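*Asks:* Sequence:
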Amino acid sequence: MPLSTLPTLAKVNLSKQVGGVFFMTEKHAQLLIHSYMHWTGNKLIDDVEDTPLLDQLNKTNCIILSHGIEVDPILNYGNEQAMRLWEMTEEQFTSTPSRLTAEPMERVERANFMSEVTSNGYVVNYTGVRISSSGRRFYIKQATVWNLIDESGKYCGQAATFSDYEYIDNGDEVK
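Each residue of the sequence shown is one higher than the last, beginning at 2 in the working numbering.
Quick caveat, the hints were computed from the structure, so don't treat them as lab data. It is possible that some hints are incorrect.
Have a look at the derived ranges for each label pair, beta carbon to beta carbon [claimed, not checked]:
| id | residue 1 | residue 2 | range |
| --- | --- | --- | --- |
| 1 | D47 | S135 | 28 to 34 angstroms |
| 2 | I169 | E71 | 26 to 32 angstroms |
| 3 | E88 | Q143 | 20 to 26 angstroms |
| 4 | S116 | K60 | 30 to 36 angstroms |
| 5 | E104 | I70 | 21 to 27 angstroms |
| 6 | T119 | Q143 | 31 to 37 angstroms |
| 7 | S120 | E50 | 21 to 27 angstroms |
Okay, derived cross-link-like pairs now, DSSO-like style, lysine-lysine, Cα gap no bigger than 27 angstroms in a straight line [to be verified]:
| id | residue 1 | residue 2 |
| --- | --- | --- |
| 8 | K44 | K28 |
| 9 | K44 | K60 |
| 10 | K142 | K60 |
Note that the structure is a prediction, hence the values are computed from the model and not measured. Ideal placement from N, C-alpha and C gives every residue a C-beta, glycine not left out.
Sequences and hints are given; from them, build the entire structure.
*Replies:* And the structure:
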């Protein structure tokens with residue numbers, strides 16, 4: 002998808018701040034969806050007419066999350082499935098540095114991987130170990146991670162989606 006077909010986002014806040022916490026907006030939902038299409042050529046979700054994209058992302062069965070462009074990027078969106086998996090409320094999720102979704106020993110590998118995504122635009126079939134807020138470890142499988150870009154090509158962060166994961170501590174696979 003050419004960048005010129007992306008909706009105008011440059012002068013619109015992608016999230017709103019409430020009490021120091023950022024919450025996703027419909028414009029951020031558009032950014033996630035259109036950036037995914039730009040890089041992969043695929044739809045992130047099947048659009049449902051007359052339903053806001055943000056609502057559709059929140060209710061989809063796959064996990065979708067994103068972070069911003071801070072020096073230590075902060076998660077700025079997680080759908081219901083992501084917040085359930087990481088065992089966080091929206092307020093907790095959107096104030097967490099994304100590096101903390103991985104265990105300390107996995108963070109160097111994660112940083113190298115995210116650098117690869119930045120260079121290439123997106124990566125598919127990523128598998129890695131992550132950790133929930135309670136310390137529960139899990140493998141994410143076959144994740145797609147992509148750069149978020151606005152209609153001018155400006156880098157706005159990174160996002161990931163996956164449906165398959167497996168808890169490590171008890172071996173139960175959960176979807």
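*Asks:* None of the hints should be skipped; say for each whether it holds.
*Replies:* Verification of the supplied hints:
| no. | hint | result |
| --- | --- | --- |
| 1 | D47 to S135: 28 to 34 angstroms | holds, 33 angstroms |
| 2 | I169 to E71: 26 to 32 angstroms | holds, 29 angstroms |
| 3 | E88 to Q143: 20 to 26 angstroms | holds, 22 angstroms |
| 4 | S116 to K60: 30 to 36 angstroms | holds, 32 angstroms |
| 5 | E104 to I70: 21 to 27 angstroms | holds, 24 angstroms |
| 6 | T119 to Q143: 31 to 37 angstroms | violated, 20 angstroms |
| 7 | S120 to E50: 21 to 27 angstroms | violated, 37 angstroms |
| 8 | K44 to K28 | holds, 17 angstroms |
| 9 | K44 to K60 | holds, 16 angstroms |
| 10 | K142 to K60 | holds, 20 angstroms |
This entry does not satisfy hints 6, 7, going by the numbered hints stated previously.
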